[in-house]
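Colleague: Sequences listed follow chains A and B, in order. Throughout the first sequence, residue numbering follows this note's numbering, covering 65 to 408 in sequence. Throughout the second sequence, residue numbering follows this note's numbering, covering 65 to 408 in sequence.
Just so you know, the hints here were simulated from the structure itself, not pulled from any lab data. Don't take every hint at face value.
Unchecked claim - Taking lysine-lysine and the DSSO-like style, the derived pairs with C-alpha atoms no more than 27 Å apart in a straight line are:
| id | chain 1 | residue 1 | chain 2 | residue 2 |
| --- | --- | --- | --- | --- |
| 1 | A | LYS166 | B | LYS117 |
| 2 | A | LYS117 | B | LYS323 |
| 3 | A | LYS323 | B | LYS323 |
| 4 | A | LYS117 | B | LYS166 |
All values derive from a computational prediction rather than experimental measurement.
Number of protein chains: 2
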Amino acid sequence: MATIHDVARAASVAPSTVSRHINGHSVRQSEAIERAIEELGFRASASARNLRKGSTQVIAMIVPDIQNPYYAATVAGAEEVGRENGLRLVLCNTDEDIELEKAVLRDIVGRVDGVILVPASERSSTALFEAPSAIPLVLMDRETLGPRRFDTVTIDNFRGGTLAAQHLLDLGHRDVAIITGPLTASQSSARERGFLETFAAARFVVPERFIERGNFREDGGYQAALNILSAADRPSALFVINNMMSMGALRAIGHLGIKVPDNLSLLCFDQLPCEGVISPRISTIRRPMQEQGAMAMRLLVTRLRAGDREHEPRTLTLPVELSIAASTQRLAGGGDRGGSYTAA
Amino acid sequence: MATIHDVARAASVAPSTVSRHINGHSVRQSEAIERAIEELGFRASASARNLRKGSTQVIAMIVPDIQNPYYAATVAGAEEVGRENGLRLVLCNTDEDIELEKAVLRDIVGRVDGVILVPASERSSTALFEAPSAIPLVLMDRETLGPRRFDTVTIDNFRGGTLAAQHLLDLGHRDVAIITGPLTASQSSARERGFLETFAAARFVVPERFIERGNFREDGGYQAALNILSAADRPSALFVINNMMSMGALRAIGHLGIKVPDNLSLLCFDQLPCEGVISPRISTIRRPMQEQGAMAMRLLVTRLRAGDREHEPRTLTLPVELSIAASTQRLAGGGDRGGSYTAA
DNA sequence: CGAGAAAGTGAAACCGATTTGAGTTGATCA
DNA sequence: TGATCAACTCAAATCGGTTTCACTTTCTCG
Chain A
65 MATIHDVARA
75 ASVAPSTVSR
85 HINGHSVRQS
95 EAIERAIEEL
105 GFRASASARN
115 LRKGSTQVIA
125 MIVPDIQNPY
135 YAATVAGAEE
145 VGRENGLRLV
155 LCNTDEDIEL
165 EKAVLRDIVG
175 RVDGVILVPA
185 SERSSTALFE
195 APSAIPLVLM
205 DRETLGPRRF
215 DTVTIDNFRG
225 GTLAAQHLLD
235 LGHRDVAIIT
245 GPLTASQSSA
255 RERGFLETFA
265 AARFVVPERF
275 IERGNFREDG
285 GYQAALNILS
295 AADRPSALFV
305 INNMMSMGAL
315 RAIGHLGIKV
325 PDNLSLLCFD
335 QLPCEGVISP
345 RISTIRRPMQ
355 EQGAMAMRLL
365 VTRLRAGDRE
375 HEPRTLTLPV
385 ELSIAASTQR
395 LAGGGDRGGS
405 YTAA
Chain B
65 MATIHDVARA
75 ASVAPSTVSR
85 HINGHSVRQS
95 EAIERAIEEL
105 GFRASASARN
115 LRKGSTQVIA
125 MIVPDIQNPY
135 YAATVAGAEE
145 VGRENGLRLV
155 LCNTDEDIEL
165 EKAVLRDIVG
175 RVDGVILVPA
185 SERSSTALFE
195 APSAIPLVLM
205 DRETLGPRRF
215 DTVTIDNFRG
225 GTLAAQHLLD
235 LGHRDVAIIT
245 GPLTASQSSA
255 RERGFLETFA
265 AARFVVPERF
275 IERGNFREDG
285 GYQAALNILS
295 AADRPSALFV
305 INNMMSMGAL
315 RAIGHLGIKV
325 PDNLSLLCFD
335 QLPCEGVISP
345 RISTIRRPMQ
355 EQGAMAMRLL
365 VTRLRAGDRE
375 HEPRTLTLPV
385 ELSIAASTQR
395 LAGGGDRGGS
405 YTAA
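All chains should be built: construct the whole structure from the sequences, respecting the hints.
Modeller: See the structure below:
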């Protein structure tokens, strides 16, 4: 590989002049340099540049599950804002695995200028970002324990839970079940609290057997839904706390031959991958996904620009809304339209 | 940030000794060094190490659409093989955009030891990888024009097309439509050829108006399906060439109130995101997705190990198979089971 | 025209690790 | 004890760019 020295020699100038040319300064011999670059097929070494400049213009986004379309949407938002600011985005997967996450963080720090992290758990290790000289970290969606606070873009998870509960209450549901996530995931526990507390406030208690914990993935939702729905006394409504587990729940509902919404009202959190394709449409709690990623990147850019650790970490909380469709129905209300999820 | 020199001073040894310790050589003062590293919070600079070593232990995988679960699955396969070989995988998105792809490649080359690329088009620029000194490139799924050949992991796309056609022929379908991709995408055109030629061989010609080209994405599939299915004379069967466009087609089918398989047999390529959730189950052409990613990474590792450009580029072609479900039905055959995609 | 400012240049230092080459230390064996 | 060899160690060179500093050239304007 040709180096900047080769180019300099070919163009009869000093390496520093070539460097200046590359970096947009005006240079007298620019045509000769350009020609030499072309002929030698010169590409500046990223490592050398990074080393000297101390920056890479790359941001890493670390998510627990790239298969989840929610993350894909946030990535799109972050990518766009990054592009506007001359930053490249790379993506890493942690499979909801806190050990893998730790390894990824260790490997990636030092190769990028900043990180957007969706923590696998509230116990995720942010130690690498706690030193004052560390690169900036923005958390998304979930929060972490630990001594230091970071910029965070979250949504009003608690309100999402209350909206869901209130909707089901309004429809007359009293025996409701919830499929939620591990206790260590702050976003699902907030949704869960919002849901349970709203029911409690209405003097209805969700019994233990109607609270199942899954792993946020399709198989977890499937298993949890089977547990809840194959018992003798079934709830009249089910709230599933994220989209992938909702997919699993839908599969279980199909296997069990349960009709939605006639035999069960179903309410999910986040847009489903199958949206638009199944019938009846699913009622969901929604949030601005793309915007969430964009916001995370904006916070990061601000930190990078400012270079200051001065101002306090900011937490942005985006709103959620209830999107009512056909999967939730008034309890014992006669309406009979709506399809079936029965297995073929 | 502490450097290796700071550690060396704190431990009263030379920087080179610290370096050796870090890299696993036996060193007398290892405890003192370890203590110094701990105290100073030392992390070796990736840039400096990359510059000196000329390698990064990172592989980039560049895909046209991270929202597509097919890619997510291949990523998982590649990631695992990478991990076994001490390589970290980062992911970049190109949105099926050849210009963006070019920019991503330019930025990423020099930061990684190798690239797995799913080209956005056969005209994708692989120029950066053509020099003998360039880092290795493995192509996945699609092939590119251009002077040099690269290691490639593909599937038997042509056979996928013929399997699809033969299945529909066997069921008695004669008036069939196909939703395919741009002419510049080799994988879809191979599937398309397999499909059309098989019909032609059976002396049935698929008319132009039954051949629609989409952009591989949900909206493209929706539009294409609308075009084909809202005409007066509809085909009795539809073959959709990839999963995301299949989702769009399903949505269109729902909007138009067409019953599958009673009024239309539907056959798709690749597993759908909504699989397991909708009814009737969709007949599909399938392939080993995870294995495909794993193979790509193995080819890359081989190149990296060998360091040789000697042996010819290899092309691995993985098999496809037909998975028959309820969405394809014998033409005019009475069977009446199977659900409906009617919009709620 | 000449002073002063502006623009451009090259040599050398620098970023922070690894590697080389030339010792130094310590153990082993005759 | 002295020779031989293995195991370590250090100073210096190196990777390939960018930046600084001191200097030269060119432009501007009274």
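Colleague: Now, for every hint given, state plainly whether the structure supports it.
Modeller: To see whether the hints hold, each was checked on the structure:
1. About 24 Å separates the Cα atoms of LYS166/A and LYS117/B, which keeps this hinted pair within 27 Å; it holds.
2. This hinted pair does not check out: LYS117/A and LYS323/B have alpha carbons roughly 62 Å apart, beyond 27 Å.
3. Annotation: proposed proximity of LYS323/A to LYS323/B holds, straight-line Cα distance about 19 Å (limit 27 Å).
4. Simply put, LYS117/A and LYS166/B have alpha-carbon atoms about 24 Å apart, close enough for the 27 Å limit, and the pair holds.
This entry does not satisfy hint 2, going by the numbered hints stated previously; all others are met.
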